[in-house]
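Asks: Given next are the chains, with one letter for each unit.
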Amino acid sequence: MATLELIDIAKRFSKNVWGVKKMDLEVEEKEFIVLLGPSGCGKTTTMRMIAGLEEVTRGTILLEGKDITDIPTRDRGISMVFQNYAIWPHMSVYENIAFSLKLRRMPGNEIKARVQKTADMVKIGNLLKRLPGQLSGGQQQRVALARALAVEPKLFLMDEPLSNLDAKLRVIMRTELKAIHQQTQATSIFVTHDQSEAMSMADRIVIMKDGKIVQIGTPDEVYFKSANIFVAGFIGTPPSNFFTVKCSVENGGISLQHPNFTLTVDPHEFKELQEYRNKDIIIGARPEDILIVPKESAAFTEKVLVVEPQGSHQVVAFKLNERIVKMIVSPEIKVRPNDTIGLAFNVQRLHFFDSNTEKRIPLGREEL
Amino acid sequence: MTSTKSFLSLDKESKKKMVPYLLIAPVIIYYFLFWMFPVINAIVESFKSVDGVWTFDNYLYIFKNPVFYQALFNTGFIVVFSVTIEFVLAFGLALLINTKFKGSSIFLFLAIIPMSLPAVAVGAMWSSGLATRGWLNSLLMTIGLIDDGGKFLFLAGGRMATMWLIIIIDAWTVIPFVMIILLAGLQGIGEDVREAGAVFGGTKFQILRKITMPMLKPTITTAMILRIISAIQIWLIIVLLFGFNRLPVLLEQVVLNYDQLGAAYFERIGLALSVLVALIVSAASVFYLKVSGSFEKEAVQNE
Numbered sequence: 034m035a036t037l038e039l040i041d042i043a044k045r046f047s048k049n050v051w052g053v054k055k056m057d058l059e060v061e062e063k064e065f066i067v068l069l070g071p072s073g074c075g076k077t078t079t080m081r082m083i084a085g086l087e088e089v090t091r092g093t094i095l096l097e098g099k100d101i102t103d104i105p106t107r108d109r110g111i112s113m114v115f116q117n118y119a120i121w122p123h124m125s126v127y128e129n130i131a132f133s134l135k136l137r138r139m140p141g142n143e144i145k146a147r148v149q150k151t152a153d154m155v156k157i158g159n160l161l162k163r164l165p166g167q168l169s170g171g172q173q174q175r176v177a178l179a180r181a182l183a184v185e186p187k188l189f190l191m192d193e194p195l196s197n198l199d200a201k202l203r204v205i206m207r208t209e210l211k212a213i214h215q216q217t218q219a220t221s222i223f224v225t226h227d228q229s230e231a232m233s234m235a236d237r238i239v240i241m242k243d244g245k246i247v248q249i250g251t252p253d254e255v256y257f258k259s260a261n262i263f264v265a266g267f268i269g270t271p272p273s274n275f276f277t278v279k280c281s282v283e284n285g286g287i288s289l290q291h292p293n294f295t296l297t298v299d300p301h302e303f304k305e306l307q308e309y310r311n312k313d314i315i316i317g318a319r320p321e322d323i324l325i326v327p328k329e330s331a332a333f334t335e336k337v338l339v340v341e342p343q344g345s346h347q348v349v350a351f352k353l354n355e356r357i358v359k360m361i362v363s364p365e366i367k368v369r370p371n372d373t374i375g376l377a378f379n380v381q382r383l384h385f386f387d388s389n390t391e392k393r394i395p396l397g398r399e400e401l
Numbered sequence: 042m043t044s045t046k047s048f049l050s051l052d053k054e055s056k057k058k059m060v061p062y063l064l065i066a067p068v069i070i071y072y073f074l075f076w077m078f079p080v081i082n083a084i085v086e087s088f089k090s091v092d093g094v095w096t097f098d099n100y101l102y103i104f105k106n107p108v109f110y111q112a113l114f115n116t117g118f119i120v121v122f123s124v125t126i127e128f129v130l131a132f133g134l135a136l137l138i139n140t141k142f143k144g145s146s147i148f149l150f151l152a153i154i155p156m157s158l159p160a161v162a163v164g165a166m167w168s169s170g171l172a173t174r175g176w177l178n179s180l181l182m183t184i185g186l187i188d189d190g191g192k193f194l195f196l197a198g199g200r201m202a203t204m205w206l207i208i209i210i211d212a213w214t215v216i217p218f219v220m221i222i223l224l225a226g227l228q229g230i231g232e233d234v235r236e237a238g239a240v241f242g243g244t245k246f247q248i249l250r251k252i253t254m255p256m257l258k259p260t261i262t263t264a265m266i267l268r269i270i271s272a273i274q275i276w277l278i279i280v281l282l283f284g285f286n287r288l289p290v291l292l293e294q295v296v297l298n299y300d301q302l303g304a305a306y307f308e309r310i311g312l313a314l315s316v317l318v319a320l321i322v323s324a325a326s327v328f329y330l331k332v333s334g335s336f337e338k339e340a341v342q343n344e
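Those protein sequence lines, which keep their order, are chains A and B.
When you line the first sequence up against my numbering, it's residues 34 to 401, in that order.
When you line the second sequence up against my numbering, it's residues 42 to 344, in that order.
Worth flagging that the hints you see were computed from the coordinates, not collected in a lab.
It is possible that some hints are incorrect.
[As the list claims (entries may be wrong)] Dumping the calculated DSSO-like pairs for lysine-lysine here, alpha-carbon to alpha-carbon at most 30 Å: (1) K245(A) to K258(B); (2) K143(B) to K156(A); (3) K55(A) to K242(A); (4) K156(A) to K99(A); (5) K242(A) to K150(A); (6) K187(A) to K145(A); (7) K162(A) to K99(A); (8) K245(B) to K141(B); (9) K55(A) to K141(B); (10) K145(A) to K258(B); (11) K245(B) to K187(A); (12) K143(B) to K48(A); (13) K328(A) to K48(A); (14) K143(B) to K135(A); (15) K145(A) to K143(B); (16) K258(B) to K187(A); (17) K143(B) to K304(A); (18) K141(B) to K162(A); (19) K331(B) to K143(B); (20) K242(A) to K211(A); (21) K135(A) to K251(B); (22) K143(B) to K162(A); (23) K141(B) to K54(A).
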């Protein structure tokens, strides 16, 4: 039995404004789920409905099999970390963490032990007497975290908890949060718009757009088998590059024609593409799946526009048919702007999308 | 001209240092000319007789006059009850409007109407309303609650009845003001701290007591101080409804002495009384800040 089940839930804010149009999701015990999407996609609204901070327009929410759709927030057995921390400025760190335990009438010495334990877990055990105003942003976030952990909830909700931290601290906290999850094993839902945060933390990612789920999958699945053009473009930095090509089948081979290049692929391995004979297909190429090759064996040549060194790799951009294409190459390769380079695709790793539906064309060879 | 010259001849560093003083100079001059000077003058004059001789007689006259103690008690009574009632009702209204229910902005608009009326208009309105043949009795008769023989004699009550009437009218007038301040404070408190209260097990009442009110404390203190100060200074509505000396209060006595009795001798007593009122207002404010713990909080934060 799943820990949390969302059955056909929806949220309407006003007559024609839907926060969430339709949402079905099952979260397994101990799982770390990330709701990912651009702003306005309904991810935070979904979380707020699970927390009971937002009423559900339609649908049912089950927590451990029990219908909690109409139960008040405080009786749901959940806890939450808010984007702006939402710790109480007039209470000391200790009082903040102990708040829920006191309301539950837990014995005093147990409260003390629990507060110390959770505060130590997030490394603020020495700050218990301080007021939040005397803490840095990162420390305040840890207080919010400790307060949520102290409850030992059935479900742990996090609403963009790292988005107010500076870039460096964000990456540190990411790792710590993952370690804390491995230690506490609390079933968690994490909302973010940062795809690299989602990739690095999630057991499964739920990608949302316009109030609906676009794809649910492990980080590898959403990266290597993106369900549609939106996901392929949203996941990964730099995002995938897209090329519209015409598909033709000649002499038993499939050829994909672009104004600047023609790709010929194996008709057996890519037999599903045969159905698109004389139709348009959209190719999605990850930046690392475009390769610099000697000009003789290149699919096409192009002039380099800019080079962005990143240390571990470099991003090389060029213009193809008036659109900027970005690729990732190893730092050993020396390229300079205006160099003419030979380019090819790692055909095995390309994504193919239907140009009408923008959905992935499933290839049989992938279902291994 | 000379000052300009000497300013120009200064080196850059000292010019820079002078800029802030130059910028605040107009305010300081204004403050001394129109504020400090009259105040100090009033204090000095209150210690002088009509002939310009230093004396305590003005104060002694006040302290020997039983009306002063009556005025002191009446003012205190009105302050305690009107400020309490105003706070409770205004806070309730502010909480209600802050829930942003449908039509809350129209409700807010209606609720602040009394605030926009000048005191004289309020006095005229209520004195015509509370008269035995006034609109309040007419209204009660129209809706059938009383008949012609049962008219209320609102303005003819004893001292307590009179004071309660004043308290109610004062509350009616200033509740919008207190409500606006509290509402502004409430809107400054993020929704999320209250939501966190709900997530971590608080009932609506617990959230109000343990989160909203403590966080609103600076605003509450401000509103209360402002209200206490202006409640101590109540007089116009009383004079408009009852005339002088029916219900003596502190400031009414100041006006009576300074303005109404005519003789220069009374003017000085009026001055002495206003100095006393100023002292009482300051003492009350400090007392409130002390009781509400506003001094301590800063000490904790500075730790």
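Asks: Taking the hints in turn, state whether each one holds.
Replies: Results for each hint:
A hinted pair counts as satisfied when its Cα atoms are at most 30 Å apart, and K245(A) with K258(B) does not qualify at roughly 43 Å. In summary, the hint linking K143(B) to K156(A) is not supported, as the alpha carbons are separated by about 45 Å, beyond the 30 Å threshold. Taking the CA atoms of K55(A) and K242(A), the gap is near 11 Å; set against the 30 Å cutoff, the hint holds. In summary, the hint linking K156(A) to K99(A) is not supported, as the alpha carbons are separated by about 35 Å, beyond the 30 Å threshold.
Taking the CA atoms of K242(A) and K150(A), the gap is about 39 Å. The hint is violated against a cut of 30 Å. Under the criterion of a C-alpha separation no larger than 30 Å, the hint pairing K187(A) with K145(A) is consistent with the structure, at around 21 Å. Pair hint K162(A) plus K99(A) does not hold up; C-alpha atoms about 39 Å apart against a cutoff of 30 Å. A threshold of 30 Å between alpha carbons decides the hint, and for K245(B) with K141(B) the separation of about 16 Å falls inside it, so the pair holds.
Using a Cα cut-off of 30 Å, the hinted pair K55(A) and K141(B) holds, with the two alpha carbons roughly 28 Å apart. As the CA atoms of K145(A) and K258(B) are separated by approximately 28 Å, the hinted pair is consistent with the 30 Å bound. A C-alpha spacing of about 23 Å is found between K245(B) and K187(A), which places the hinted pair at or below 30 Å, so the restraint holds. This hinted pair checks out: K143(B) and K48(A) have alpha carbons roughly 15 Å apart, not beyond 30 Å.
Between K328(A) and K48(A), the direct Cα distance comes to roughly 59 Å. Violation of the 30 Å bound is thereby established for this hinted pair. About 36 Å separates the Cα atoms of K143(B) and K135(A), which puts this hinted pair outside 30 Å; it is violated. Only pairs whose Cα atoms come within 30 Å are accepted, and K145(A) paired with K143(B) is rejected, the gap being roughly 44 Å. A C-alpha spacing of about 35 Å is found between K258(B) and K187(A), which places the hinted pair above 30 Å, so the restraint is violated.
For the hint linking K143(B) to K304(A), the alpha-carbon distance of about 60 Å lies beyond 30 Å, and the restraint is violated. Restraint check for K141(B) and K162(A): the C-alpha separation of about 36 Å exceeds 30 Å, so the hint is violated. For the hint linking K331(B) to K143(B), the alpha-carbon distance of about 40 Å lies beyond 30 Å, and the restraint is violated. Taken as a hint, the K242(A) and K211(A) pair is honoured in the structure, with Cα atoms around 25 Å apart against an allowance of 30 Å.
As the CA atoms of K135(A) and K251(B) are separated by approximately 12 Å, the hinted pair is consistent with the 30 Å bound. Proximity of K143(B) to K162(A) is assessed by CA-CA distance (about 42 Å); at most 30 Å being required, the pair is judged violated. Distance restraint check for K141(B) and K54(A): the Cα-Cα separation of roughly 25 Å lies within the 30 Å cut-off, and the hinted pair is therefore satisfied.
Hint compliance for this structure: hints 1, 2, 4, 5, 7, 13, 14, 15, 16, 17, 18, 19, 22 are broken, all remaining hints hold.
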